[in-house]
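Peer 1: Residue strings, one per chain:
There are 2 protein chains.
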Amino acid sequence: MEKTVDVRRRQVLIGGAAAVAAVGSVSGEALAQAAKSKPLPKYAEWKYIDSLIIHSSNTMETRRTAFGTSVITPTDILFVRNNLTPPAESITYDPDAWELSLQGVNNPRRITVGEMKRMGVETVATVLQCSGNGRGFFKHKTSGSQWKVGAAGCSIWSGLPVATLVKAMGGVADGMKFMTGTGGEVIPAGVDAKKVMVERSVPLRALESAIVAWEVNGEPLPVAHGGPLRLVIPGYYGVNNVKYLKQLGFTAKETNANIQASGYRVRDIGKKGEPSQPSMWEMNVKSWINHPGEDGGSVNAGMLQLHGVAFAGVNRVTRVEVSIDGGRSWKDAKFIGPDLGPYAWRQFVLPVRLESGSYTLVSRATDAKGNTQPVDRVENHRGYGHNGWKDHGIRLNVA
Amino acid sequence: MEKTVDVRRRQVLIGGAAAVAAVGSVSGEALAQAAKSKPLPKYAEWKYIDSLIIHSSNTMETRRTAFGTSVITPTDILFVRNNLTPPAESITYDPDAWELSLQGVNNPRRITVGEMKRMGVETVATVLQCSGNGRGFFKHKTSGSQWKVGAAGCSIWSGLPVATLVKAMGGVADGMKFMTGTGGEVIPAGVDAKKVMVERSVPLRALESAIVAWEVNGEPLPVAHGGPLRLVIPGYYGVNNVKYLKQLGFTAKETNANIQASGYRVRDIGKKGEPSQPSMWEMNVKSWINHPGEDGGSVNAGMLQLHGVAFAGVNRVTRVEVSIDGGRSWKDAKFIGPDLGPYAWRQFVLPVRLESGSYTLVSRATDAKGNTQPVDRVENHRGYGHNGWKDHGIRLNVA
Chain A
1 MEKTVDVRRR QVLIGGAAAV AAVGSVSGEA LAQAAKSKPL PKYAEWKYID SLIIHSSNTM
61 ETRRTAFGTS VITPTDILFV RNNLTPPAES ITYDPDAWEL SLQGVNNPRR ITVGEMKRMG
121 VETVATVLQC SGNGRGFFKH KTSGSQWKVG AAGCSIWSGL PVATLVKAMG GVADGMKFMT
181 GTGGEVIPAG VDAKKVMVER SVPLRALESA IVAWEVNGEP LPVAHGGPLR LVIPGYYGVN
241 NVKYLKQLGF TAKETNANIQ ASGYRVRDIG KKGEPSQPSM WEMNVKSWIN HPGEDGGSVN
301 AGMLQLHGVA FAGVNRVTRV EVSIDGGRSW KDAKFIGPDL GPYAWRQFVL PVRLESGSYT
361 LVSRATDAKG NTQPVDRVEN HRGYGHNGWK DHGIRLNVA
Chain B
1 MEKTVDVRRR QVLIGGAAAV AAVGSVSGEA LAQAAKSKPL PKYAEWKYID SLIIHSSNTM
61 ETRRTAFGTS VITPTDILFV RNNLTPPAES ITYDPDAWEL SLQGVNNPRR ITVGEMKRMG
121 VETVATVLQC SGNGRGFFKH KTSGSQWKVG AAGCSIWSGL PVATLVKAMG GVADGMKFMT
181 GTGGEVIPAG VDAKKVMVER SVPLRALESA IVAWEVNGEP LPVAHGGPLR LVIPGYYGVN
241 NVKYLKQLGF TAKETNANIQ ASGYRVRDIG KKGEPSQPSM WEMNVKSWIN HPGEDGGSVN
301 AGMLQLHGVA FAGVNRVTRV EVSIDGGRSW KDAKFIGPDL GPYAWRQFVL PVRLESGSYT
361 LVSRATDAKG NTQPVDRVEN HRGYGHNGWK DHGIRLNVA
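Protein chains in written order, with my numbering: chain A, 1 to 399; chain B, 1 to 399.
Read the hints as simulated data drawn from the structure, not as lab findings. Check each hint, because a few of them may be wrong.
You can't tell identical chains apart in this list, so a pair holds if it fits in one copy or across any two.
Claimed, not checked - Calculated pairs, DSBU-like style, for lysine-lysine (alpha carbon to alpha carbon, straight line, at most 30 Å):
1. 195 <-> 177
2. 167 <-> 331
3. 334 <-> 38
4. 42 <-> 390
5. 141 <-> 369
6. 334 <-> 167
7. 390 <-> 253
8. 253 <-> 42
9. 139 <-> 253
10. 38 <-> 272
11. 141 <-> 253
12. 194 <-> 141
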């Protein structure tokens, strides 16, 4: 495992003989592996194909071994999850012209990104994670992408605080209890919009930390991640971070769009989704080990630095324990690198000396409110919110 | 200026008719601009050409308008400065196999990156800046790249603390006063190595914060930035952060390589470089405004968010003042976004309402030790260390 040839390649480099020649001495093995992969969709073709598991043109997962230790997840390898086909890339060519409609404020109106950029700028680091991250560990037959750990990443976002925007429009209208974002995807003709549209409501408390973002990790927001404008609600599951944001409304009730009313609801296996069930809003406390590698890997005996990531939604993660014996005994890991704030993940490391044998490496995080990851997943129909530490473990063979 | 079409392109997309077709509706204007640019060298062809000023195949500068507000500088747009032709990209294909020779320790030996990864891991955010950043503002005829502000960036690096490495080798040998890094570039046959090699000595005090890095911004270190292994000395000018690090020595004296003995020395105009002159080690306190745009630009009247970056070498930057009248009056700017630690830059913002007219926007930073940027550059032969705030100003026409 430690001798894997490391070739970072973009898909464009594997298109043909001339393209292969351009990249120089890429190993045959790496090319063969890339050839086996599904291709990246055009809107994400600038990503590093080697670092991703491509489930479909709308669902791409970061490989566990591709997460580095430098805190942020580079946009090149950040997971992608689109509920609908994304709009044409041309909507990002003049990002300042993009219009957002504000509703449910005292002075509702349309406003362009260009105008917003003149009103303020704030920057926040947050974990973005799909509600179904970890679905691949459930044993019942769940529909949806079989993500393991890689439908998550930690990025730095820049944009305008929603609070600033709302204040400029006279404040939230009386009686409003939810913040509702609507995506700018094109709804196919003849389809009932409510059934497929991306429109999500979150409690009004999310207003204080939310931003409407036009930049990620120092670069203009690409279509793959919601450009030209995305609602970023730090600490909330990905689906609430509405892409191509075309309307932001403050509403008395949650939207009746399917994605809210019946989708993203935690319910027993076999039950249908409905509004009384918990919605996928704030993320729970979670961690996993990224190194040394995939489940079932092997390394040589000796010192090892076990490292991984830990986060806790809107709470700050404060502690990570690591076990090499599947949870029978635990040691506190050390956080490394800069602390990017309460919504970001922390990188943790535990140095261990491992002799020959079989090990099961697991990690267990605790947040500032005293919440700790449970041992097991909470069984639920759609496989949402998995933060059980057992399933996230890595079996390691030490030679 | 605010209606510029924003097309992020990699060079590979402008190679010919077929390539142009692949990128979709790129504007003719953008293509024309890219066609005028010098090409990216092969080892950096994955960078965003639109965000760079390409001085030569060894010197690429980030455009002032390309710096975002999300604190870190993405590697895709980070400046490049090589003193020699970089080694073949293949040296990064198996990074763990790269060998470093440790000298001037009690138990000197060679060690691979793979071994180092087992010994520890730490992550540090730091500004990397060329000693000559700002050289383009000097009025005397300086040789070297005519950088303005873009030979700098803030990145997160991961690797092994040099202190850990040295401890494992029995500690620094008695009497050593410098830490000397040697680059792995290939010296052309027939050339006197000492005249061209990249070998830099820094004071032993740098040992405590230095790391030998194999990762930048969450990705394996590419050749363009010193992969597979780079010496990263937080807060020190770029040249000391030796790429393709093949030897790290603790020495009683500074190396006599030209790059140290006579190069990177601050001296009066017309003087030759020699070892008694100050060497380019710790960076001084500095800031500049990145938005709204290049010197001489224009915007419409109204509210604006003036933003830029500030840093202070090994000291923490604590304050930034901004003036819209060329330094006659000042207002404190606000820091935004996460604080990545003492060596990183901070993003600052000052909201202002500008009526029609001409403005000169400047910024002035102060560090934790009370050092403040001077008004003017300190004249010196090679145009090093420019942190005068006046030259870094932006003339802005407000319509």
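Peer 1: Any hints from earlier that this structure breaks? Give me their numbers in increasing order, please.
Peer 2: Violated hints (numbers, rising): 3, 4, 5, 7, 8, 9, 10, 11; every other hint is consistent with the structure.
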